[in-house]
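What follows is the residue order along each chain.
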Amino acid sequence: MNKAWQDKTYFGFWLYILSDCLLFAALFASYAVLRTATAAGPGPEELLNLPFVFVETVVLLASNLFVGLALVAKNKKSVVTLLLAALVLGLVFLGLEAREFATLIAEGHGPSTSAFLSSFFGLVGTHGLHVALGSLWMIVVMAHVWTRGVHESSTKLRLLGIFWHFLDIVWIFIFSVVYLLSAAL
Amino acid sequence: MTTTRYITGFILSLLVTCMSFGLVWAHMAKDHALISHSLLAMLVLALAIVQLAVQLIYFLHVGRESKTRDILSLILAGFLIVFIVIGSLWIMANLQLNHGLPYQGDITPQTATN
Chain A
213 MNKAWQDKTY FGFWLYILSD CLLFAALFAS YAVLRTATAA GPGPEELLNL PFVFVETVVL
273 LASNLFVGLA LVAKNKKSVV TLLLAALVLG LVFLGLEARE FATLIAEGHG PSTSAFLSSF
333 FGLVGTHGLH VALGSLWMIV VMAHVWTRGV HESSTKLRLL GIFWHFLDIV WIFIFSVVYL
393 LSAAL
Chain B
239 MTTTRYITGF ILSLLVTCMS FGLVWAHMAK DHALISHSLL AMLVLALAIV QLAVQLIYFL
299 HVGRESKTRD ILSLILAGFL IVFIVIGSLW IMANLQLNHG LPYQGDITPQ TATN
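Protein chains in written order, with the numbering used here: chain A, 213 to 397; chain B, 239 to 352.
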């Protein structure tokens, strides 16, 4: 792939990321509006477990670091190892989130209980879906690096990196707005 | 060199996360009386924006070497996000306010005069 083509690919992907940001902006807006609409049920301050989510955040931040390091690693073996570490941490994050969701639903606080919970599951679930699809993509890129080499996969690696960093940024806002502020205010 | 850049970014983002978590935790431990709620909201949001800057600079390498079109589209997206979020909150708060107020106009059904 020549330079001009690569530039176009990055820009196109960048535009996709920015439009995905708008999707999350709409979900954030609906959460912010519906946060108090708990249908007389328990609100965020009673349902959300902050230390648990803090651990989730640290796991995702560490996963983000490994993806970054994989982008600058020189040889095939270290790239795949670093991506594997990032993937494992991403899956741990998903596991923790699934546990949180399962606990909420088991205690009778599923997405259909109130408008607040609908918007909560909608926003956090959409992010989780992105992480799940990103993990799948990461496996594909790892296979590509392993069979074709680092140089041949450089564009794919960089796009995956942008996607993963973007998910981290979205999570920071979920952590701050949905968890920290909802619990504290 | 780039490796140290990623590690610096990671440490900074971890630091900011710990700060906002610690702030909220301390606030809740003091029975929500550490600082006023609006100040807390502003501080947590400010820390989230610092974190956003750290991530953009250290991980996504947004900076002087970025292409103008990348920066411009980022700024446009930023504006749209602010419009969507602030606009929704504004309109919905207004609607709620109107619900609470008694209707000011004449509510008796008008019969046609001609």
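Calculated from the structure, these hints are not laboratory results. Values in this document were obtained by computation on a predicted structure and should not be read as measured data. A portion of the hints provided could be inaccurate.
Calculated cross-link-like contacts (lysine-lysine; reagent style DSS-like; alpha-carbon spacing at most 25 angstroms) [as the list claims (entries may be wrong)]:
no.: 1; chain 1: A; residue 1: K368; chain 2: A; residue 2: K286
no.: 2; chain 1: B; residue 1: K268; chain 2: A; residue 2: K215
no.: 3; chain 1: A; residue 1: K288; chain 2: A; residue 2: K215
no.: 4; chain 1: A; residue 1: K288; chain 2: A; residue 2: K368
no.: 5; chain 1: A; residue 1: K220; chain 2: B; residue 2: K305
no.: 6; chain 1: A; residue 1: K215; chain 2: A; residue 2: K368
no.: 7; chain 1: B; residue 1: K305; chain 2: A; residue 2: K368
no.: 8; chain 1: A; residue 1: K220; chain 2: A; residue 2: K289
no.: 9; chain 1: A; residue 1: K215; chain 2: A; residue 2: K286
Each hint tested on the structure:
1. A/K368 to A/K286: OK: A/K368 and A/K286 at ~15 angstroms, within 25 angstroms.
2. B/K268 to A/K215: Outside the cut-off at roughly 57 angstroms; violated.
3. A/K288 to A/K215: Judged against 25 angstroms, a Cα distance of about 22 angstroms means the pair holds.
4. A/K288 to A/K368: holds (14 angstroms)
5. A/K220 to B/K305: Satisfied, since the Cα-Cα distance of roughly 12 angstroms is no more than 25 angstroms.
6. A/K215 to A/K368: holds (14 angstroms)
7. B/K305 to A/K368: With Cα atoms ~20 angstroms apart, B/K305 and A/K368 stay inside 25 angstroms; holds.
8. A/K220 to A/K289: It is violated: about 29 angstroms lies between the C-alpha atoms, which goes past 25 angstroms.
9. A/K215 to A/K286: holds (20 angstroms)
Of the numbered hints listed earlier, those contradicted by the structure are 2 and 8.
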